[in-house]
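Taken in sequence, the protein lines are chains A and B.
Letter 105 of the first sequence, counting from 1, is numbered 105 in my numbering, and no numbers are missing.
Letter 111 of the second sequence, counting from 1, is numbered 111 in my numbering, and no numbers are missing.
Don't take every hint at face value.
[Stated by the list, open to error] Heads up, simulated DMTMM-like pairs for lysine to aspartate or glutamate below, C-alpha to C-alpha not over 20 angstroms straight-line:
#1 Lys237/A <-> Glu240/B
#2 Lys221/A <-> Glu186/B
#3 Lys74/A <-> Glu186/B
#4 Lys237/A <-> Asp216/A
#5 Lys151/A <-> Asp149/B
#6 Lys274/B <-> Glu244/B
#7 Lys237/A <-> Glu244/B
#8 Lys188/B <-> Asp149/A
#9 Lys237/A <-> Asp305/B
#10 Lys237/A <-> Asp149/A
#11 Lys297/A <-> Glu27/A
#12 Lys95/A <-> Asp39/A
#13 Lys237/B <-> Glu244/A
#14 Lys221/B <-> Glu184/B
#15 Lys74/B <-> Asp39/A
#16 Lys74/B <-> Glu40/B
#17 Lys188/B <-> Asp216/A
#18 Lys274/A <-> Glu120/A
#19 Lys74/A <-> Glu54/A
To be clear, the hints were calculated from the coordinates, so they are not data collected in a lab.
There are 2 protein chains.
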Amino acid sequence: MTIGLDMMGGDFAPLEAVKGLQLYLSEPGAPANIFLLGDEAILRPLLATHMIPEDRIRVVHAPEVIGMHEHPTKALKEKQQSSIAVGFYLLSQGKIDAFISAGNTGAMLVGAHYSLKTIEGVMRPTISTIIPREDGRTGLLLDVGLNADCKPEHLNQFAVLGSLYARHILGIQQPRVGLINIGEEEGKGNILAQASYPLLKENNRIHFIGNVEGRDVLADKADVMVCEGFTGNIILKLAESFYEMTHRHSIRHEYLDRFNFEHYGGTPVLGINKPVIIGHGISRAPAFKNMLKLAAKMVKSDLFDQMQIAFRN
Amino acid sequence: MTIGLDMMGGDFAPLEAVKGLQLYLSEPGAPANIFLLGDEAILRPLLATHMIPEDRIRVVHAPEVIGMHEHPTKALKEKQQSSIAVGFYLLSQGKIDAFISAGNTGAMLVGAHYSLKTIEGVMRPTISTIIPREDGRTGLLLDVGLNADCKPEHLNQFAVLGSLYARHILGIQQPRVGLINIGEEEGKGNILAQASYPLLKENNRIHFIGNVEGRDVLADKADVMVCEGFTGNIILKLAESFYEMTHRHSIRHEYLDRFNFEHYGGTPVLGINKPVIIGHGISRAPAFKNMLKLAAKMVKSDLFDQMQIAFRN
């Protein structure tokens, strides 16, 4: 198994990416070999300093970098030697089995869209986030920003994609699906939520448990929570800001650590035919390590086969 | 000045309402006299126990109670002797200057809608919430659930209502208005946010500063944050749950206390011609006290005159 890692993506690249790689490779039984995409002249000394074993990696020279604020489509077109462009090329050609970057999110999404295929039957690929929870387990929230406006059918598909991810990656056998809403009973909510409820209720590919409110997001109510990407993105960023706020004010408590989103690595793009993981711009070594672990798990799992089967009909 | 207080509304009524009343009346210079709406036989002994001064209150017998889960319209129609129905009757007749209840939210909204007049020019009344902030100040978020689906014109009006409230009640001279969105730049977001941005930008009754993201909600970026009631309600309930979660896990810190929403009392309905404040079902004494203070401040302020002037043209 070979995973491509963008060494130039994120606010603390390439140093934290190298450190994350070191962490990953030092774990016993870590299955993947890694293709490192970036500027060879910058990477080589760093790899030597951190004693990265040569037999587990290969440096693929990609001298250009797409900046965090560049226009995604334009940058991908003009910088074909960038780490992101090279990563998607290798992935589309089957030279790597998964691709990870903490770089320009827009460029990652555009790259995934144009270089890879959407799974047949999927209307809209989606991005999700792991939601830390009070009970110590994790939930999945989707969409978190790729699809700002949605139709009920989209939310219904997100529920299937999220359930498959929860089962095959998070290890939850019968994931409970909740619809993010502003009331508990059926019939509550905005037009989208009202129209989505009956579709979810009748969908026999998922285990729908009804509406979940804002107060339930961090609680143990549903394993997979679906909404359009506008609400999902606001939830994600607000939840992230809680931990950062307590951290800034030196409020330390073991319990709060589970709300450190860095522990959860990046967010996979779901609905496309290969594993692509987008890291947070502020990713540090543990996030890079966790993204490598997640990518390896996705490659080894049945997830992609199961997604294809689910949407075939 | 006379404020009507529903003594039967909320999970801990009437005891916590009586205690809150006691707290309010014991503060020096508290300007309002209070009409207490509820079952006289239940209230009298409680008032005596808590030594509520007879000259500051009047008990208005309202023997019926609208339960927290009753259907609002049906309950209001059938229970005309309920504390909520009587409260709105007194308010509409000018016998009281403001009305407060921590009871059935739906019944409060229906009552406000049918008993009172919407300010001329206001398309949709709205409910807001005070948002505690990292810098120790408070922001205002609206709508938080009354209008689950909105048009850009509604958000534009919420911005004006929120700005007037921030100026005349929160004491912020030039409130900065932010549009809740999923990106910083103009053009980001869902269709509603994209269409609302130019309206807000061109609105010379407000001081618009652009988009605010989920991570900015608790930060010192904007004083008034506008969105449709779906997103707003999710934000409110998620933010409330964060404090409750730290509290449950015995994580105590002075800084976290400002996220105890109870300190902020209830949420006023804006866009109608009289002060109506809806309390949280879990309101305890400090919340009741704060709602009384807020109601008195609203009655004394220029808010209602200024709202009428703002929407006249």
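Quick rundown of the hints versus the structure:
1. Lys237/A <-> Glu240/B: holds, 15 angstroms
2. Lys221/A <-> Glu186/B: violated, 36 angstroms
3. Lys74/A <-> Glu186/B: holds, 19 angstroms
4. Lys237/A <-> Asp216/A: holds, 16 angstroms
5. Lys151/A <-> Asp149/B: OK: Lys151/A and Asp149/B at ~14 angstroms, within 20 angstroms.
6. Lys274/B <-> Glu244/B: Not satisfied, since the Cα-Cα distance of roughly 32 angstroms exceeds 20 angstroms.
7. Lys237/A <-> Glu244/B: holds, 19 angstroms
8. Lys188/B <-> Asp149/A: holds, 12 angstroms
9. Lys237/A <-> Asp305/B: violated, 38 angstroms
10. Lys237/A <-> Asp149/A: holds, 18 angstroms
11. Lys297/A <-> Glu27/A: Holds - the C-alpha atoms of Glu27/A and Lys297/A are around 14 angstroms apart, at most 20 angstroms.
12. Lys95/A <-> Asp39/A: holds, 19 angstroms
13. Lys237/B <-> Glu244/A: holds, 19 angstroms
14. Lys221/B <-> Glu184/B: holds, 12 angstroms
15. Lys74/B <-> Asp39/A: It is violated: about 70 angstroms lies between the C-alpha atoms, which goes past 20 angstroms.
16. Lys74/B <-> Glu40/B: violated, 24 angstroms
17. Lys188/B <-> Asp216/A: violated, 28 angstroms
18. Lys274/A <-> Glu120/A: holds, 13 angstroms
19. Lys74/A <-> Glu54/A: violated, 35 angstroms
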